[in-house]
Amino acid sequence: MTLSKYINLDALRIKLDEYDSKLVPYYKDNTVLFSKGDKIDLNRHEEQTFSKLAARIYKTRNSIVHSKDGEKSKFIPFTDDKFLINEIPLMRFIAEDIIIENSTII
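The sequence shown begins at 0 in numbering that gives the first Met the number 0 and counts up one residue at a time.
Some hints could be false.
Stated by the list, open to error - With a Cα cut of at most 27 Å, we get these calculated DSSO-like pairs of lysine-lysine:
#, residue 1, residue 2
1, K21, K81
2, K4, K38
3, K4, K58
4, K14, K35
5, K14, K81
6, K21, K38
7, K58, K38
8, K58, K73
No wet-lab data here; the hints were simulated from the structure.
Modelling step: build the complete structure from the supplied sequences, incorporating the hints.
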């Protein structure tokens with residue numbers, strides 16, 4: 000799995016804490032309301048943590064991209080923005096780490 004290959008959970012947790020100390024507890028205690036994305040405990044170092052992290056990202060992405068397809072779990076602009084805002088740092092730091100770990104200097 001890409002996440003377990005490229006993401007260090009301790010480093011991710013530190014970045015999230017530096018960005019906003021409320022995020023790590025938020026991910027542990029809350030699903031993504033508009034997508035039913037999984038709760039994730041970033042303090043646990045288990046393969047299941049990566050699976051839940053991947054599921055949270057996947058469900059959130061699908062809710063945004065397929066919001067017009069009539070699916071039950073869909074993102075509603077302006078209504079769900081307050082929930083999406085908490086997911087952006089998580090996706091940003093993961094994307095940055097994967098890009099950095101997977102890139103080569105030209």
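Enumerated hints in conflict with the structure, sorted upward: none
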